[in-house]
Amino acid sequence: MEDRDLVQAWKRGDREGFELLMVRYQKPLYYLVRSMVMNREEAEDITQQAFIRAFTRINRLRKPERFRSWLFSIGVNLARDHIRQRRSQVALEDWDQADRSADPERIAMARDGMRNMKSMLRLLPPRQQEVISMRLFAGLTFAEIGDLLGIREGSARSNFHFGIRALRDLLKGRECSE
Amino acid sequence: MSRESDCDAFWQAMGPDALLHSILSAAQEHHLEQCPRCRAELEHLQLGLRGLREELRAEEPADFWHGMRSRVVAAVSRPGRLAMLFNRSVHSWRSWWAAPVMAAMLLAILLPKPAPPPLVLAEEEIPLLTGMEQLTALFDPAEWDTTLVQADSGWPDNGHLMDDWDGLLVDLEDGTLL
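Protein sequences, first through last, are from chains U and Z. For the first sequence, our numbering assigns the number 86 to the initial residue and increments by one for each residue that follows. For the second sequence, our numbering assigns the number 3 to the initial residue and increments by one for each residue that follows.
Rather than coming from a laboratory, the hints here were simulated on the basis of the structure. The C-beta atom is built at its ideal place from N, Cα and C for all residues, glycine as well. There's no promise every hint is true.
To be verified - Among chain Z residues calculated to face chain U with C-beta under 7 Å, some are:
hint	residue
1	Cys40
2	Leu51
3	Leu58
I would like the entire structure built from these sequences, with the hints used as guidance.
Right, here's the structure in full:
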């Protein structure tokens, strides 16, 4: 059964349409969100919220055949909000802030915190981090990423390349400081 | 072509397949054979990204998915449950009481308020008038000429500030302030 048919059934009040869509998309949505927030419990929580939000706002979806990208964009926005909130809480891990402060001690502390790839990814600009995570960990194509983030496919590609370059620089920085 | 530009070209062509599955073009393979620095960098990146991908894509048990669906269905079935789920989420401020409280605050702001009764004061109660009376009582009209003479003597210096009553200039003809 197509997404469109399930959405229409759901809009008519058939709860099974919603449940079948949830079975179909809970895994890809969960892994997409998890690739962004990089935490199991948070990803579970955000995925649930995304489905609840989709359920309560289904009447706003004008093109039922676009359900998948609509649902994913809800999940991505919730994940972004969450990351933004976390970034403001964990300022120490935020490379931008350490850089802006121009405080060598803080920069050194941030570098020390780069124990693994996860912490290095968190130091990238948000867009680069999103594109790398969605492409490498969630397995989306650049075209899908562009669609989700509202950017061109070419822009998604260039963000990927800039992000990989930044990761290489961070790796070199870590080697130098060790 | 210099060595640096070879490295640039190598990284420019770096795609997800190369990072995750070591699928490289012939030119990239050739470059790696000659450039130990790029080889080491690529190995570092691959190691970190593959490790993180494995962690983020770790398969969840069946009851994880079932539990998630059950919680979402329970939440959307009853408004009370929806509130409970939102309360344990990252957006805990979206509680069930938020909407009524917001509505009450809006009403308090928007509802027309009764106009205050008009203020009617007796002449002796008007602060400005009583203040003026006290002020004029300090000055003996016979001394006004003296005041003016003193003020006039200081006037050529237009820039100076008057810091006492001697500086108060009054036109003798019509009594206006100069």
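Outcome of the hint check:
1. Checking Z:Cys40 against chain U by beta carbon gives a least distance of about 10 Å; that is not within 7 Å, so the hint is violated.
2. Taking 7 Å as the C-beta contact cut-off toward chain U, the hint placing Z:Leu51 at the interface holds, the least distance being around 6 Å.
3. Restraint check, Z:Leu58 versus chain U: the minimum CB separation of about 5 Å is within 7 Å; hint holds.
Of the numbered hints stated above, the single one contradicted by the structure is hint 1.
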